[in-house]
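Student: So you can see what is in the structure, the chains are spelled out below.
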Amino acid sequence: MTTPEHSASAKIDVRYVAHLARMHLSDDEVARLQPQLEQIVGYVRQLNELDVAGLEPTAHAIPAQNVFRADEIRPGLDHAVAMANAPQAREGQFIVPKIIE
Amino acid sequence: MNYEANIGLEVHVQLKTKSKIFCGCPTIFGAPPNTHVCPVCLGYPGAMPAMNAAAVRLTVLSGLMLGCRINPYSKMDRKNYYYPDMPKNYQISQYDQPLCLGGGLEITRPDGSKKMIRLTRIHIEEDVGKNMHFASSSGIDFNRAGTPLMEIVTEPDMANADEALAFLEGLKEILRYGGISACNLEEGNLRCDVNSSVRPAGQAALGTKTELKNMNTFKGVHGALLHELARQIAEVQQGRRIRQETRRWDDAAGITLAMRSKEEAHDYRYFPEPDLLPIVLSQAQIDDWAKTLPELPEQRRARMIRDYGIPEYDAGVLAADRAVADYFEATAKHGKSAKAASNWIMTTVLAKLAGQHLTIGEVQITPAQLAGLINLVEAKTINMPTAKEVFELMFAQGGDAAEIVKARGLAQVSDAGAIEKLVDDAIAANPKVVADFKGGKEASLKFLVGQVMKLSQGKANPGLVNDLLRRKLA
Ligand SMILES: [Zn+2]
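As they're listed, the protein sequences go chains A and B. Quick note on numbering: the first sequence equals residues 352 to 452 in my numbering. Quick note on numbering: the second sequence equals residues 730 to 1203 in my numbering.
No wet-lab data here; the hints were simulated from the structure. On a predicted model such as this, the values are computed, not experimentally measured, just so you know. One or more hints might be untrue.
Said to hold, decoys possible - Pairs of lysine-lysine residues, derived as DSS-like cross-links and limited to a Cα-Cα distance of at most 27 Å, are as follows:
id, chain 1, residue 1, chain 2, residue 2
1, A, Lys-449, B, Lys-942
2, B, Lys-1188, B, Lys-1068
3, B, Lys-859, A, Lys-449
As the list claims (entries may be wrong) - Non-contacting residues of chain B with respect to chain A, defined by C-beta distances greater than 12 Å in every case (computed):
id, residue
4, Asp-840
5, Gln-932
6, His-1086
7, Lys-1183
For glycine and all other residues, C-beta sits at the position ideal for the given N, C-alpha and C.
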């Protein structure tokens, strides 16, 4: 298990972020996106100026919890409907490029 | 130099629920591919997950049975990575606030001694789909995607393959007792990742670990560890460094192999799952669930020894499976001898079930019927060979032992007059054997007993035959 990244640096590694998102960016795109992304993150970073000492961290903004559903079976999608968007199918399965482990 | 090993396990257990963790699709195994799917478990954009209450309850119950602290506040997180069997490109799991913390499981080592294996945590998460490989492509079946899993993470407390095996067996026993999981290994209900490292004896710091991924049999874990620890020790002895890597166990070849090493460490970018709200558990709620917990295997063994006066060995065999223990207790309550009930179940019933790949739940003979059969033996109405014969009939078609014995005329003949006649016949027919016996050949008596049993078609009471022969030949 890895720890979440809390990088203090303003510099964003656009190529690395694109790689994590499985996006292929050209050099031009990297050059164009670099300042844009830094601007966006810089804007959000203004929050760092707030004094949050003494505030409990929260994962959600709304004060709600414990929303559960009962363990009951409900009808899903018919097989044909589920496969309708598959670019390729075989023996009832979604076909993807060969997985190499 | 001597080496010590440290083994830690991450065990993924399929929770026994009817529906998946975030949607109403069934969790039944073996359906045709992609027939138990819906927008949620297929990861359609905008489809909203809803937490299955049973998945939370079963995980908390596991935590209680394993001595964990139940986290009063727990939340779900997204673990981001790309793999074809996970359509959302993230798995909903728990990161920094799992449902259960700490705890441990006491194992019994092969030499009978006990050792506590500490747990780090237990969290819930969704399973991914299953992939199948064709010649030039792969196929994905999402029936399994969204199946509720509980991941149990241990501290690196196990020192060898035997301890890891004992842990897995002990864990399986408890989870089956609690009705948490079917623990059916063939159906992939229990899979584990095995982390192991070696270090020179006495060294404080742990060695560099390797990880064996996705092991799905206990035998595999044991075999893989025997090999992997030996490999690591050999590497260190030859002055080489252990590389931190993921390895794969090749069961057929009996070796572990390095998997394609990853260029970078995983960067899962965990963040709180915005579509699911936190789980907040009150002590009252936890106490309420705790009341539904069954007696644990260890407590049950102790009680069975105390209440029925059976040996520790018997209690160990019978209590290993809750259904078998229930069957024994019901039989013992109906019967005259608890020890006889234990013997019958351990030797005859379980052997018969194993031979036919059945479970105790599928046996035709009710505990009351088995007790009836045992009582006929105890009352000397039938002898043991006859009882086994009656058992076979009951096993095949059920029925009452006393009725079968009556209908087939199998009752043991204990009428001395009737047996005496047969004893006389046997003596008259075998003068040479009789002479041998009188001449001191003790074994000849056995032959004569056999002859009488044959004449009685197996129904004579062998003890009585023996007594009569001795008296007549004295
Ligand atoms: Zn579904």
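Student: May I ask which of the numbered hints given earlier this structure violates, with the numbers listed in increasing order?
Tutor: Violated hints: none at all, because every hint is consistent with the structure.
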